[in-house]
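Visitor: Protein sequence lines, in the order shown, are assigned to chains U and C.
Sequential numbering from 1 applies to the first sequence in this note's numbering.
Sequential numbering from 1001 applies to the second sequence in this note's numbering.
Don't take every hint at face value.
Sample of chain U residues lacking proximity to chain C, with all beta carbon distances greater than 10 Å (derived) [stated by the list, open to error]:
| hint | residue |
| --- | --- |
| 1 | Gln41 |
| 2 | His105 |
| 3 | Asn108 |
Calculated pairs, DMTMM-like style, for lysine to aspartate or glutamate (alpha carbon to alpha carbon, straight line, at most 25 Å) [claimed, not checked]:
| hint | chain 1 | residue 1 | chain 2 | residue 2 |
| --- | --- | --- | --- | --- |
| 4 | C | Lys1101 | U | Glu53 |
| 5 | U | Lys78 | C | Glu1016 |
| 6 | C | Lys1052 | U | Asp63 |
| 7 | C | Lys1101 | U | Asp56 |
| 8 | C | Lys1101 | U | Asp57 |
| 9 | U | Lys16 | U | Glu52 |
| 10 | C | Lys1068 | C | Asp1054 |
| 11 | U | Lys11 | C | Glu1042 |
| 12 | C | Lys1101 | U | Glu44 |
| 13 | C | Lys1056 | C | Glu1016 |
| 14 | C | Lys1052 | U | Glu44 |
| 15 | U | Lys71 | U | Glu52 |
| 16 | C | Lys1101 | U | Glu50 |
| 17 | C | Lys1101 | U | Asp74 |
| 18 | C | Lys1101 | U | Glu68 |
| 19 | C | Lys1101 | U | Glu14 |
| 20 | U | Lys11 | U | Glu44 |
| 21 | C | Lys1101 | U | Asp63 |
| 22 | U | Lys62 | U | Asp74 |
Think of the hints as simulated: they come from the structure by calculation, not from any bench.
Computed from a predicted structure; not experimentally measured.
Even glycine gets a Cβ: it sits at the ideal position worked out from N, Cα and C.
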Amino acid sequence: EAGVVQSPRYKIIEKKQPVAFWCNPISGHNTLYWYLQNLGQGPELLIRYENEEAVDDSQLPKDRFSAERLKGVDSTLKIQPAELGDSAVYLCASSLVGQANSPLHFGNGTRLTVT
Amino acid sequence: GNSVTQMEGPVTLSEEAFLTINCTYTATGYPSLFWYVQYPGEGLQLLLKATKADDKGSNKGFEATYRKETTSFHLEKGSVQVSDSAVYFCALSGGNTGFQKLVFGTGTRLLVSP
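Take these sequences, add in the hints, and give me the full structure.
Guide: See below:
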């Protein structure tokens, strides 16, 4: 099966500019996640979707970050405006069911550099 | 809150050496425990998991046992290969974090030389 696809792979922008990341989960996976991975750190959850609904967005900085998952398939994560501290890898993951022991499948991530 | 603590890296080993990467956790309830691996330039991949106390997860020669009494889930491999060089993340889910909210450790980089 095809894995989780993310684009772009790399993005370099100047501060205060907007940026968007796209994720296509594994077909049939109803749960989608966006994680933030800072250099040398483990991933941290930003938002989790069950189908179209954002069921956990408590860690998403809502003043500048937004996300959507139209039709419960693809998802986009947007930052506007970007700040220097947003430089990191943004990971998308999906899973089949919302149970604690169901594994997540991760994409390769988008590495964002804000200058 | 829930948390995961891993040993700092890098861990540098020669091929065929024995590997241990320590992982301890803090959680309420009964979390599931995971090891994920991230090869250079790739996304995280599930390596193994254990869902209850005394379970042993295993895959590709790696093993980890869920020890509730010591709140640990140490990763081991009897004979590492150069191709095992990667970053390894310990993670937990469940307990009071809710379903499918993985909490990751900071990762441990493994470097295996020929």
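Visitor: Regarding the pair Lys1101/C and Glu44/U, is the alpha-carbon distance no greater than 25 Å?
Guide: holds, 9 Å
Visitor: Measure nothing beyond the straight line between the CA atoms of Lys16/U and Glu52/U; if it is 25 Å or shorter, mark the hint as holding.
Guide: Violated, at about 29 Å.
Visitor: Over 10 Å to the closest beta carbon of chain C is the bar; see if Asn108/U clears it.
Guide: Non-interface label fails for Asn108/U: nearest chain C Cβ at 5 Å, not farther than 10 Å.
Visitor: Sort out whether Asp56/U lies within 25 Å of Lys1101/C, counting only the CA atoms.
Guide: holds, 9 Å
Visitor: Are Lys78/U and Glu1016/C close enough, with their CA atoms no more than 25 Å apart?
Guide: Violated. Lys78/U to Glu1016/C sits at ~45 Å, over the 25 Å cutoff.
Visitor: Against the 25 Å threshold, does the CA-CA distance of Lys71/U and Glu52/U hold or violate the hint?
Guide: The given pair, whose Cα atoms are some 6 Å apart, holds under the 25 Å limit.
Visitor: Taking 25 Å as the top limit, are the C-alpha atoms of Lys1101/C and Asp63/U close enough?
Guide: holds, 23 Å
Visitor: Can you confirm whether the C-alpha distance between Lys62/U and Asp74/U stays at or below 25 Å?
Guide: Answer holds: Lys62/U to Asp74/U is near 20 Å, not above 25 Å.
Visitor: Does Glu53/U lie within 25 Å of Lys1101/C when you go C-alpha to C-alpha?
Guide: holds, 16 Å
Visitor: Quick one, are Lys1101/C and Glu14/U close enough, alpha carbons at most 25 Å?
Guide: violated, 32 Å
Visitor: Holds or violated: Lys1101/C and Asp74/U, Cα atoms, limit 25 Å.
Guide: holds, 20 Å
Visitor: Sort out whether Glu44/U lies within 25 Å of Lys1052/C, counting only the CA atoms.
Guide: holds, 24 Å
Figure legend: structure checked against the earlier numbered hints; hints not met, in rising order: 1, 2, 3, 5, 6, 9 and 19.
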